[in-house]
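Trainee: Next come the chains, spelled out residue by residue.
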Amino acid sequence: MPHVAAVRRLSLRTRLALLAAAGAMLVLSIGALLLYRDVSGELSRAITDELTVRADDLAASLDTEPITPAPSSVVAQVVTPSGQVLAPAGLAPVLTADELARAARGEVIVDRAIAGVGEHARLLAQPMRGPVGEEVVGVVATSTASLAEARERLTIVLGLAGPVLAAGIGAAAWFLTGAALRPVRRMSNEAATISMAEPGRRLAQPAGDDEIAELGRTLNAMLARIEMTIAHERAFIDDAAHELRSPLAVLRGELELTADDPQDAEAVAQGVASALEETDRLARLTEDLLTLARADAGQLDPGDARTELLGAAEECLRRLPHRDGVRIEVSGEPVTVRGDATWIHQIVTNLVVNAERYARSRIVVTTARDGELALLVVADDGAGFPAALLEQAFDRFSRGDGARTRSGGGAGLGLAIVSSLADAVGGTVRASNGPPLGGACVKVEVPVAGP
Amino acid sequence: MLGSTNGGGLAGRRVLVVDDDPKFVRIAVRRLERAGYDCVTGESGDHALWAVADQQPDVIVLDVMMPHPSGIEVCRHLRADGWTGGVVVVSARSSPADRAAAERAGSDVFLGKPFPLDDLVSAVGRLIARDRRPA
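Residue numbers (numbering that gives the first Met the number 0), protein chains in the order written: chain L, 0 to 450; chain Z, 0 to 134.
Hints are supplied without guarantee of correctness; some may be wrong.
What the hints assert, rightly or not - Label-pair ranges, simulated between beta-carbon atoms:
#1 Z:128 to L:227: 43 to 51 Å
#2 Z:94 to L:330: 44 to 52 Å
#3 Z:94 to L:278: 24 to 32 Å
#4 L:387 to Z:94: 18 to 26 Å
Read the hints as simulated data drawn from the structure, not as lab findings. Where a beta carbon is used, it is the ideal one built from N, C-alpha and C, also for glycine.
Could you build the full structure based on these sequences and the hints that come with them?
Mentor: Right, dumping it as structure tokens:
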């Protein structure tokens, strides 16, 4: 709705001040109405009470002859039911015919202009007994000018005081809200100037332990998390660029050498073969980086397919080219896990390729079921993970020697990808040294596929 | 190009190329040999230190990211030992910080991979010419 949108465009401070003023106005209006009713009612009752007393006096005085109403500010008259004024003699009747008829039956109170009393007046008429017991109507009337004046004065005072007080409360709310929101405004201004060009910069923490201080702490914690994520991304991009530059350097070198001496057929053939190898290396690397980027974005989807782990591992190893001199044995019990065969192949391939780099002569691949978990273990008889690397074995770009082992061929992404793939199906990976073959051992645990 | 780099009496000028990527070593060596240099190779930091002592190269071409010790460590070590030959550092990491680290370690030229092989040849040529100049 347009007016809601218009209110939302106002600052919080303005909205709170307006709300306080409106609330104050409502409360003051109700208060003023109640006060008006009470004061006005009280004054009115006092006038009626006075008339009642006068009427009683008049009734008492009817026993005397002749009828002489006591002189006072109250006009008194005694009339017969037919309208004839008995006293004071010679005056026009105060009551109208209708009022007289009603007064003959019971007490009547009427507010109206009365000749000789004033514009604002009240009369009280009631049946009485005359000196000889005849039925008469006694009328007493008095001015209500003071009541009207008091009402008018109350209306003016309350009508003016309400809005003035409400405006005052609104202004007070404006200043108090401004003071309360000042730290928020300061943090907002500071936050607007923070950029990732100044890592480590934080908002000034407001003093105290109130909601504003908590907001400051929360925002600073958020900045720290964002900064960590960005640093992580930058490091990943930096590492990825480095990994891509190395094969590019070889590719470029091979092409330059071939171009320098195109007549040397053997050198050209060797250069082209090497360039093709580097192209494959770049393609594999790009694919690995994409897999990790998808894992970071939570887009690795194993799908609803299920695969039997032992069969998939055997199939994968049949297809994988092997390093001479290294025997690979596969054994274990069949167990079905979530994910398609490609998923399992990628895990097995990465683990076996990594093991082949370091194995002396033997690699064992075993599968097993442990309750609701399926286990895949790949172990070799090499030197194992360096102790310092054991904790970071699944980190990206982590490699066995703290630098590149180009002769090994890995960019340090294989185990990181295994970890991401296992993680995507709710599994875990662990690296250790020792049993069963004395070298490195990687254990993948993933939940068994449900029925 | 070959003529110009090969014509300055380069026979006997020896270049040590150290990188853990054998393909890159082969390419660099081939290009430097075409330019007329004698080349020896190594694939780790330890090889580099041993080869400098054993082969007495005029210039060494050092990769940074190598098995222990790194190219930067090798360079620092050689300079600390008083070795005055030319050092060309080549690295796939070529940020200003990487370049500054190489310079602080005492290298003469930094080449970020991938680079034209002619840049390597001319860098090696400049360093040899510098060393031949009388002090």
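Trainee: Does the beta carbon distance between residue 94 of chain Z and residue 330 of chain L stay inside 44 to 52 Å, or does it fall outside?
Mentor: holds (48 Å)
Trainee: Mind checking the hinted window 18 to 26 Å against the Cβ distance between residue 387 of chain L and residue 94 of chain Z?
Mentor: holds (25 Å)
Trainee: Do the beta carbons of residue 128 of chain Z and residue 227 of chain L sit within 43 to 51 Å of each other?
Mentor: holds (49 Å)
Trainee: Quick one: are residue 94 of chain Z and residue 278 of chain L within 24 to 32 Å, going by C-beta?
Mentor: holds (26 Å)
Checked against the numbered hints given earlier, this structure breaks none of them.
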